[in-house]
Structures are given as C-alpha cells and as structure tokens.
Amino acid sequence: MSSSAPLLDIQNLQTHFGTIDGVVRAVEGVSFSINAGETVAVVGESGCGKSVTAMSILRLIATPPGKIAGKILFKGTNLLELSEPEMQAIRGNDISMIFQEPMTSLNPVLTVGRQIGETVMLHEGLSAKDAEQRAIEMLTLVGIPAPARRVREYPHQLSGGMRQRVMIAMALACSPQLLVADEPTTALDVTIQAQILELMRDLKTRVGAAIMLITHDLGVVAEMAQRVVVMYAGRKVEEGSVEEIFLNPLHPYTRGLMGSMPKLGSSLHETGRSKLTEIQGQVPSLRKPIIGCAFAGRCPNVTDVCRQMAPAIEEKAPKHLVACHYAPRAAAAA
Amino acid sequence: MSNSQTPSSGRPLLEVKGLKKHFPIHGGILGGKTGNVYAVDGVSFSINRGETLSLVGESGCGKSTVGKAVLRLYPITDGEVLLDGRRVDNLPAGELRPLRKRMQVVFQDPFSSLNPRQKLRDIIAEPIVNFGMASGSELDDRVGDLLDKVRLPREAMYRYPHEFSGGQRQRIAIARALAPGSDLIICDEAVSALDVSVKAQIVNLLSDLQDELGLALLFISHDLAIVEHLTHRVAVMYLGKIVELADRKTLFSTPHHPYTRALLSAVPVPDPTVKRQRIILRGDVPSPINPPSGCRFHTRCPFVFDRCKVDEPQLRDVGMGRMSACHLDVVPDTVPEANRQAAVAA
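Protein sequence lines correspond, in order, to chains A and B.
Taking this note's numbering, the leading residue of the first sequence gets 1, the next gets one more, and so forth.
Taking this note's numbering, the leading residue of the second sequence gets 1, the next gets one more, and so forth.
Hint data in this document are derived by calculation from the structure and do not stem from the laboratory.
Glycine included, each C-beta is placed from N, C-alpha and C at the ideal position.
Hints may contain errors.
Stated by the list, open to error - The calculated label-pair distances, taken between Cβ atoms and stated as ranges, are:
| no. | chain 1 | residue 1 | chain 2 | residue 2 | range |
| --- | --- | --- | --- | --- | --- |
| 1 | A | 198 | B | 319 | 40 to 48 Å |
| 2 | B | 87 | A | 206 | 29 to 37 Å |
| 3 | A | 152 | B | 335 | 48 to 56 Å |
As the list claims (entries may be wrong) - No farther apart than 20 Å at their CA atoms in a straight line, the calculated lysine to aspartate or glutamate pairs in the EDC-like style are these:
| no. | chain 1 | residue 1 | chain 2 | residue 2 |
| --- | --- | --- | --- | --- |
| 4 | B | 275 | A | 314 |
| 5 | B | 119 | B | 141 |
| 6 | A | 275 | B | 247 |
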C-alpha cells in the first residue's frame, strides 16, 4: 500500500440517536481508512451500524435526533466541520452514493436524464442540453441499450437492474473519488446481480474511484473487495485483507458468520445434508451501553474477562486487526 | 401427528400435473380483458413424504404462484393437484377444511404474517381450535409442545409478536404451521428476510423438524446456496415453466439446462481464492404477459439456435437422472463465438 495519506480516514466515529426510549448508539467508536482506488467492504448483519456509518460520511443523518462525533477526514479535511453548502459541493461530486433500493431512490416524476443531468448541472454548471448529452454518455457507460431513447424515460419504464444502472450512472456522472455503495445488489436477482457486479468492477478500473461497499453478502465481498471491515453492534470487530478475513478469520463473530453462510457446492463434499453453524442468541440492544465485549452474549468462548472488559482492537497479524481478548496472535509472518 | 404415520403406499404425497395459472389483465374504456399474465404455464412435479423439493428461480418466474395455487389460495386455470392421489384442485370451498389441516404455509415476512394483537398462544392455538383438536388445558399443553419443537421458551406463550426478533417470529410462524399436524409445509421464501446467522438457525430447525416429524417441504427460494443445503430435489423455474428438475447433488454438480448453469454461475462464492468462469446473461427476464415463442429462454440463451425460436422444448430425461427442457442433448461448456456476439447485442 502507498505511504501517502488515505483518501478517507474515519477516526473514532460515534453516531448516536436520541429517542424517547434513550440514546441508541448506532455507531460506537469506529475507525478505518480507505485508500485511493481501493475497494473496502463493510460487512455485518442488520443493525450493526454499517449503513449509519455510510450516511455519517455523507452527513445524511438528520441532527438532531442524530449526533455525529469523531473525525471523518476526506483528503485531510474533516467533513464534520464543514458548513452545509461546503458539504453539498462534495456530495455527488467528490463522494457519491448508491442506495439499496433502486425502486424508491429514483424520483418517479422526473426522467432519468433529468436526474442524472441534475448532478452535472449543479456541480459542473453544464447547460440542460449538455447535461442531457452527458446523461446519454453515462447511460452508454453503464450498458443501457438505446440510451438516447432511455434518457427521456421515467423510472417506472425501466426494470430493477436498469434502475440500478441508472443509479450508478448518476453516482459516477461527476467522476467521484469515492463511491459509497450501500447494498447495491441486495434487491436484485442473482443473474442481474452478476451483471451489476461485473459493471462495477469494470467501471472501477476505468474511472478509478475508491469504493466503500456495504453488504451482508460474503460472496459479494469475496468477489469485489481488497479489504474488509467486519462490524458488530456498532463496533468494528475485525479488519484485514480479503484473503486474511476469509482464510484466517480471528474474531469468533467473523468465524460464526463464515460458518453460518451456506456455500454453493456443499453437496459435492458430503453425501447427506449438512448442518450450518449457528450463532446462538440475538444481537444485543443498542439502547443500553454495552459493558465488556459486545459479542460476549453470543460468543462460544466467553469468559468473565469478556463480560467485564471491552477488548481493544489490536494488530494480531500484519494489517489484520481484531477486537478479541483471545484471538491468537500470528507467529511472525504467517 | 397421526397423519404423518400413515404408511407410504409408494404414491407421492403431493402431485402437481400440468398446473397453469393465468391472471387476466383488464384495461381499455370498458375494463374488458386485454390479455393474460402467464404466471405459471404448465408445471408438473411431485413430493414424497419426508422429502424437500425446492422451487428456485428469479423474481417473476412463478415459483410463489405455484405455492399459492397448491394451497388453493386461488383457483387454478388448468391442471391437477393431487394430495395422496385425491384431486384437491376442484374441491368446492366447503370441502377445503380437511385440506388446510394437512397443508400449511410459512411466508417470507414474519412481521406482517403474524397478528400483532394476538398473543403467541392464540396465534399458535388458532389452527388447533379451528379444527376442534383440543381445548382447555390440553390446548395449552399442545401449544407448549409446539414451542418446544421450535425451540422457544414455553413462557413465550403469553407474549405478543412485537416482543420477538425476526428469527424468533419465523419460529412462531413455523409452530403455527405445524399446529394442525400438517404433512406438507410450503415455505415461501421463509428465510430470505433473515440475517445470515439467524437464517442458519431456521434452516437447521426446518431440517430437524423434517427428520423428526416426516414432513414434506415445498421450499420456494431464490437463494441457491440455502437450497443446496437443505433440499433433496430441485426444480428450476423460468418464466412460468420448469426448465430443469433433478436431485440435489446432480443439479448442483452437473446441471444440464443453460439457464440452470447461468444461475449457478451467477452466485457469488464467499472465497476470494476461487476464480470462476461466469456465464453472464444479457438483458432482463422477458415479460410473462408476452413470453417469447419457442423456448422461453431463447432470448438470453448463449447456445441459442434456430429451432429454439419456434419449437418449444419439453421437459425430458437427458440422462444422469436429470429432466431438462432443452433441445440440446449435450450442452457445451463454452459459448460458441457467433452466439457470444449475438448475446451481447441482444
């Protein structure tokens, strides 16, 4: 990895929400960085804070009730200290986002051309005519057939896969340096998912944007990411290269996640039906402060130490960080 | 569960023959019928006692419609549904009650399929009370036993659904489905809305219950990795038809139909060291309102040739225990160059 400063550097991010039932600690002290041109996957189950982290980066959290603390450095500038107009100049221009729901995140009463064009008109001051031209170029880039016709169409005239392509076209219109993709293929069928993932990989090499990929699908992670951040209950529990995380997971939660994920090809290895590893119990409530390790309640190797003291995140192998009291330390270079 | 102990007579528990379900489309000034959605268009399969058959395919392929048609949640357009050799698709509404006792369903969304105003006891007891199978303290015992079976604490009986997480609610839905002593449970995307770790719990529970009670399962899902884990046989659907039907190991190791192959190759594998050859299908699934002529898959098939466009292939034995609806006896491993261009252009 290059020695220069990372593109995005998140330091001790805390995003809390004040509710009538108390404070919900959605993100509790998360730090990680993304280098230029790199794909980092953030994985975890519902409610682990992965989407809130993404929304915090783009400052899409309404404050109040939300409260964001910590530092989010984008090319050295702390995004949390910027004024709203300054932030707007960054959104969609330097950092853009793809949302999960292509059905609900497009405006149904505007043509897709207008929606793609809006970004370039705003950030690059193009005329409406030039913006439409750019929209056609972008639709061509994302592989939509007959773009000159499609640009005048409305979202309901497109299929789910095409709508997701439009979302990507919109996100890439200003050539962002960072693309935040929140479950970009979760709502799509597998054959369409394969098309979109292929498109994202292809565009990444052409456009060169860094991608923060938020997903719960470990298969997607293995195909797309170079580095992985595993989140649990608002905390980062493990971070490492994709090979390290998949081949040598050290945190019990990551191991459980890998074991509970059914893998295609399972029938080739055994004759009968096999059992999946279960992670017992449920995710803890984020309304109460968690004392000790957040995973203690579900961990198979839990001890009293875990219940009383939160583990610090430590480098157990080169560039492989784990927050567990008992994760083995790698002997020299493994 | 007295029903499940009936000795098997060699006849499948459920047989579906040439099932069709078309939904009329109304339009125009007078609201007349202007067309049909050919949601399910001639589907045949059978399920034995204690067996899991999975219906897989992408959105809109008609897999859920098959499930609902089998359950008689709506009348079918054509075909036959037989339970223990007896036709049930033409039963009048008044004679459906015994059928309901034997076939139950678990839906995808455990948040909308449980009544928020009922306590668990009432939710799970409802089928038992409906069929007059128990009352009073015996009823409480039955509900308690069912909660044991789905591994929820008995005290949960006196609580409401909102107090439970998604995975626990799906256990409640399973307990309700087991309550009347069902032989067949239709799981319509029953684990799709759950998180990975919880999904594993429910999948394991379903397999255990099947072994314990001899249940037959019709498992409707788009998740091939889950299906491979828990099924005995698999039927792959595309645009209202079954394109391939085979046992688990055969289908996942040596799939025949080009669509099955593309579908399997599209599933991302959670192993960064594996680099697979992927068949990327171009374009989208055509509309079931106006399905393509000939083979319905010909518009996206990498191996398409002239006959596919006019002559519809029927499901036939293609060897190794596979039934496949493809004109090719042997599907090549690599896509012919001429078709590769055509597929990209389409």
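Verification of the supplied hints:
no.: 1; hint: 198/A - 319/B: 40 to 48 Å; verdict: violated (32 Å)
no.: 2; hint: 87/B - 206/A: 29 to 37 Å; verdict: violated (59 Å)
no.: 3; hint: 152/A - 335/B: 48 to 56 Å; verdict: violated (34 Å)
no.: 4; hint: 275/B - 314/A; verdict: violated (31 Å)
no.: 5; hint: 119/B - 141/B; verdict: holds (16 Å)
no.: 6; hint: 275/A - 247/B; verdict: holds (19 Å)
Of the hints listed earlier, those the structure fails to meet are numbers 1, 2, 3, 4, in rising order.
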